Amino acid sequence: MWLSGGALVICVVMVLGLLSLVFWKGAATFWPMPVDRFTTVDGRPYMGEITRHDTYRPALTAYNNLAPEVVAQAETLLADTGGVSDRDLVRTGNFRLTQNHFHWVEEFEIARRDQPEWAMVLERLEWGRFYGLLEAFLILHPAASAEEAHTLLAALEPEMGLALRLVDRRFIDGAEQTVLLPPTALGEAQGLLAVAEVANGPEVAWQAFEEHHGEVRERWEERRRLEEFDTGEVNHTQEKARLAVRKVELQLQEIAEQEGEQSPAWHTAQATLEAKRTNYAKVSAWADGEFARIREEIDAINQENSRYQLLLRAAGEGAIPAQSTLVRLDDIVRAYPANRVSWRDKLGIYLSRWHEFLTDDPREANSEGGVFPAIFGTVTMTLIMSLLVVPLGVLAALYLREYAKAGPLVSGVRIAVNNLAGVPSIVFGVFGLGFFCYVMGASIDELFFAAHLPNPTYGKGGLLWASFTLALLTLPVVIVATEEAVSAVPNSMREGSYACGASKWQTIQRIVLPRALPGVITGMILAIARGAGEVAPLMLVGAVKLAPELPIDGLFPYLHPERSFMHLGFHIYDVGFQSQNSEAAKPMVFTTTLLLIGIIAVLNFTTIWLRNRLGRRFGGGQF
Amino acid sequence: MSSTQQISQAMEEQITPTVQGAPGLVSRATAAGRAEREDPLQAIAEGRTVPSDIHPSLRPEAIVLEVKNFNLWYGEAQAIYDISMNIPRGQVTALIGPSGCGKSTLLRSVNRLNDLIDIVRIDGEMILNGDAIYGRAVDVIELRKRMGMVFQKSNPFPMSIYENVVYALRIDGVNRKGILDEVCERSLRGAALWDEVKDRLDDLALGLSGGQQQRLCIARAIAAEPEVLLMDEPCSALDPIATSKIEDLIHELRGEYTILIVTHNMQQASRCSDNTAFMYLGRLIEMGQTSDIFTNPHLKATEDYISGRFG
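As you go down the protein sequences, you meet chains V and Z in turn.
In terms of the numbering used here, the first sequence opens at residue 1 and continues consecutively.
In terms of the numbering used here, the second sequence opens at residue 1001 and continues consecutively.
Quick caveat, the hints were computed from the structure, so don't treat them as lab data.
Be a bit skeptical, because a hint or two may be false.
As the list claims (entries may be wrong) - Reference listing, derived: stretches of chain Z covered by chain V, where coverage requires no fewer than 3 residues with Cβ under 8 Å from a Cβ of chain V:
no.	stretch
1	1104 to 1116
2	1148 to 1155
3	1266 to 1276
Keep in mind the model is a prediction, meaning the values are calculated, not measured.
Note that the Cβ used here is the ideal one computed from N, Cα and C, for glycine as well.
Using the sequences and the hints, build the whole thing.
This is the structure we're talking about:
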């Protein structure tokens, strides 16, 4: 008894431990941390968020290439603690300046540690995080020459609270820096960029940033909409015209082979082809015009947006000196003065990060941004899988239980079905790729999408084939559960039904199935639990790192089951193991895992709720 | 469906009494020295065929169901031996006999429920109002619609009370609300259940008490106006109060419906049947008017059984 009880306790503890680890790590990912600035004994600065703390025993050889002051401090410290030292993993960001995302700061090399009041955290569209001290907010008016600057200086009347400055780019200590000069210093400019309306000083700059960031982001959204939807629609129309031409070309070829050239059918087809070609030329011309128009709009937005910039002073890192850098406002997803935000603001940032995570597209090779396409792909695939597997499994189980005569054949089939559940899932993936994609998909392509070839439509991995593969994978679960539920329906009910003059099918349909329904739904729950978390076969049949389009969109025929899709399970694998910035991606792994568990839980609870409702309706059914 | 289980059960029921019951009976019969006729039980034990003793007083004018030389086998084991009997219209006929004597099997043969068991084989004839039940061209489903059946254990379907009652009509494709409502009320009144459930027709049938469930099954069985109502120990799973209600109901149904009822309960058979047939080890031993069988049986074996001396 103690043995079995102990085993149960160990199991429960392990499961709870796993869940709480995922929950804790996943939930903590988005909480904004303060920004720390370290200065080492030998004067090197590091600034960023502390992501990990570690206690370890440094090897003596670690001193070899350190500065003498550091070695001295290290020795005193280590003598006190008995050879144990602490270190912090600091997320320093600023990859473009330092070629580094993270740095280990040893406790024994720290000379000074503080939290600068105006240390900003910037989440950018590109190049990851930026950590820097806020200096100024600028509205630029590009000026390449002194004359231009002169005219601008004369013409501009700065907004309330803003002052005019010259923006100059120069090299100091080997690093490119952006410097603000008073208008009078026009002659000293080395690499004049622009005349700017400037909110100087962190408080006013932050105010100005909050004032302008919203509109800049709105324009950026507009630009994204233009790039994605408008361009997509024009592309779609053009592609349709091209396919029409290709289709007639294929027809013409066929006619030439069968009836010979110059036959009447050939002439008609030739005429159609001409018409289609003219149409294509027309559409192409229109599309070019559209593209140009869209390009123009995008350029205009870009130009307007590029005028709004923040001037930040990066703390520098190690040997790289501190420097002032301009960051475009439309590149900033979110910015906050990490050491100044109140508890309520932190909560706001936390929630807005969750919101972005759940509703936005991924960026930076999936390590940042949202996972909406993956959520969408997972849920759609699981639903299609359930729609496929439940009817098929239920019918198969009904045949096995109600129609087939018991015998070696039926037993054989039953054993085979049960063994199917034990086949490694990657085998199903290989089968799905080999059969669904390359045989069925290729045949469909030849029959219906010949004009698209050599680009495959169905002859490659996609949502539909992934759902088919997983349906096959989960079929045994549904069959076994349904068989059990069906055999648990008391025979007296069947006899009662037959005695009323019901046929076999009527009995199954009106008595057996309703009564077995809770059990069938139990099978469905198990299938969902198994299918939604499966990754290995999906890598072969259609899950991709980044899907440009969702499988459902506003373009006819709205549902595109042939498209590749993103999947949370695959996303976890990709972010965790395929990302260049794996340290930064690690929290995302936990968060995505938490989300996947959550989605499976929601799907399951919905089904359980459904089962309980049906269970109440039909009574009995204790599964 | 686990047909193997059913069969083994059936075979067990059939074989056990042969081994245990027969020798004792024989010795008692000889000891009493009453052998004005040959004891059929001893004849059966010796494996000989015995003619059924059908009382001459049993001369029904109208016969609903006619059983002619009916035999039935479960695989190799014979369960019913050469039974012939007539079931009179509008009366209650009780089948009594010890466990495993083939009463239920005979009853289930009437609506061909035994067809569901693969290894069952039959020989002989049954005729329902002139139509052969085991005829070649008979549609079993159509045939079953002409009979109603109530089982040992109440088996309401997992649906509402209303749907339970009108089930037979529903599968016939009747969907007119008016007809269904009328049939439902008539059947429930017929089964003396209407007043108890009229306000909750849409509730689940499984929420009713055991006795109510059984009466619901009776209502379901009479909904399609059956030519014969088959009852397989309808009260065996019920308490005395529910039993007496069902018995009253059988009384009320008499005349309107022809009822063939299997029962283990002698009092029940004597209380509510017009005719009684005593079966033993697959044979029909004696059949006559209930009053005759219970007060003046022709055979010693029948008397022993109804007075509770064996069985």
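Tested hints:
Counting residues of the stretch 1104 to 1116 of chain Z whose beta-carbon sits less than 8 Å from any beta-carbon of chain V gives 3, enough to reach three: the coverage restraint holds. For the stretch 1148 to 1155 of chain Z, the stated coverage by chain V is satisfied: 5 residues place a CB nearer than 8 Å to a CB of that chain, which reaches the threshold of 3. Under a criterion of three residues with beta carbons nearer than 8 Å to beta carbons of chain V, the stated coverage of the stretch 1266 to 1276 of chain Z fails, only 0 such residues being counted.
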